[in-house]
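Numbering-wise, the sequence shown is residues 3 to 365 according to my numbering.
It is worth saying that the hints were derived from the structure and are not from the lab.
Heads up, some of the hints might be wrong.
Keeping only pairs whose Cα atoms sit at most 27 Å apart, straight-line, the calculated BS3-like set for lysine-lysine is [what the hints assert, rightly or not]:
1) Lys-170 - Lys-57
2) Lys-333 - Lys-321
3) Lys-218 - Lys-84
4) Lys-317 - Lys-268
5) Lys-170 - Lys-52
6) Lys-115 - Lys-125
7) Lys-115 - Lys-335
8) Lys-271 - Lys-115
9) Lys-327 - Lys-317
10) Lys-335 - Lys-306
11) Lys-354 - Lys-333
12) Lys-335 - Lys-321
13) Lys-335 - Lys-325
14) Lys-125 - Lys-321
15) Lys-353 - Lys-115
16) Lys-57 - Lys-222
17) Lys-73 - Lys-169
18) Lys-218 - Lys-354
19) Lys-218 - Lys-325
Because the structure is a prediction, the values reported are computed rather than measured.
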Amino acid sequence: MAASRNGFEAVEAEGSAGCRGSSGMEVVLPLDPAVPAPLCPHGPTLLFVKVTQGKEETRRFYACSACRDRKDCNFFQWEDEKLSGARLAAREAHNRRCQPPLSRTQCVERYLKFIELPLTQRKFCQTCQQLLLPDDWGQHSEHQVLGNVSITQLRRPSQLLYPLENKKTNAQYLFADRSCQFLVDLLSALGFRRVLCVGTPRLHELIKLTASGDKKSNIKSLLLDIDFRYSQFYMEDSFCHYNMFNHHFFDGKDGRKWNHCFLCKKCVKPSWIHCSICNHCAVPDHSCEGPKHGCFICGELDHKRSTCPNIATSKRANKAVRKQKQRKSNKMKMETTKGQSMNHTSATRRKKRRERAHQYLGS
3 MAASRNGFEA
13 VEAEGSAGCR
23 GSSGMEVVLP
33 LDPAVPAPLC
43 PHGPTLLFVK
53 VTQGKEETRR
63 FYACSACRDR
73 KDCNFFQWED
83 EKLSGARLAA
93 REAHNRRCQP
103 PLSRTQCVER
113 YLKFIELPLT
123 QRKFCQTCQQ
133 LLLPDDWGQH
143 SEHQVLGNVS
153 ITQLRRPSQL
163 LYPLENKKTN
173 AQYLFADRSC
183 QFLVDLLSAL
193 GFRRVLCVGT
203 PRLHELIKLT
213 ASGDKKSNIK
223 SLLLDIDFRY
233 SQFYMEDSFC
243 HYNMFNHHFF
253 DGKDGRKWNH
263 CFLCKKCVKP
273 SWIHCSICNH
283 CAVPDHSCEG
293 PKHGCFICGE
303 LDHKRSTCPN
313 IATSKRANKA
323 VRKQKQRKSN
333 KMKMETTKGQ
343 SMNHTSATRR
353 KKRRERAHQY
363 LGS
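Generate the whole structure from the sequences, applying the supplied hints.
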């Protein structure tokens with residue numbers, strides 16, 4: 003990682019020395035969009051080029067999309083640089099260490115437990131900016147802790163959390179309530195029912211408060227924000243940890259990370275690449291070739307399936323396969339039913355807990 007940091011310092015030093023000649027950095031689109039960009043702790047990096055007096059240099063480099071200071075994210079890699087397996091493994095380990103301490107699922111589970119606590123046991127550590135469960139109290143005994151956290155305070159997490167102030171990463175400039183109320187009234191008057199709040203937690207809060215206080219209001223909101231601290235205050239359908247600079251969701255719907263393909267216009271698995279032959283994303287070693295015409299039963303090209311002489315044999319074979327699948331399906335259903343009956347009590351408790359959370363917080 004030291005070599006990467008020195009490379010970034012060299013580029014920045016050249017940029018600072020050439021400021022008098024109107025130099026700077028520009029984001030450029032890669033020549034091959036199918037090739038995934040290397041990852042830093044903030045998701046896929048962006049490709050930059052140094053520009054001096056309107057002329058681009060020949061060598062381009064990848065750097066973090068969210069941070070403009072190498073002290074916050076020191077990722078640097080030349081576009082044509084080849085990395086060894088050891089360096090790639092070290093980078094992946096570094097990216098994992100830089101992730102939030104709790105996963106999205108863990109945050110939701112803690113949140114559901116927290117709102118069930120009596121008022122006297124609801125505590126918030128202002129030093130760590132974290133909701134505390136009784137098991138956490140000992141670790142935060144010497145910190146500045148706020149007690150008796152009410153449901154009203156939980157509905158306004160932006161007033162509990164300290165605003166981030168680093169202008170080179172993700173400094174927060176929160177809307178005033180008056181501005182948020184104007185926007186909510188405008189959205190309601192225009193008839194909008196779904197609102198996507200990108201980096202606007204105050205607006206998200208007021209929309210949810212309005213929906214919980216007015217039964218006639220059916221506006222729903224989803225907050226997308228790079229500040230992972232908000233994940234401890236919302237259910238999965240109200241908040242996503244998101245980097246708007248590279249359109250990166252830190253957690254997929256099933257807990258896995260996904261990449262967005264701008265050619266397919268959808269999110270795909272990180273291991274998939276865009277195939278120019280198939281014109282869609284697939285695994286790297288997939289087969290692009292296949293029978294475009296002909297019979298699907300015998301593979302001959304001189305007739306179709308409906309006129310295949312082996313269609314009768316195929317139908318009998320398919321019928322036997324369907325019966326076998328049906329027997330396996332019935333067996334799996336019986337086993338699933340037994341498992342469900344054993345887990346019915348715990349599933350009911352989780353369902354009731356989520357229903358209470360929605361009832362308390364109007365989400």
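Practice problem: Against the structure, test the hints numbered earlier, and report the numbers of the ones violated in rising order. | Solution: The structure breaks hints 3, 4, 7, 8, 10, 11, 14, 16 and 19; every other hint is satisfied.
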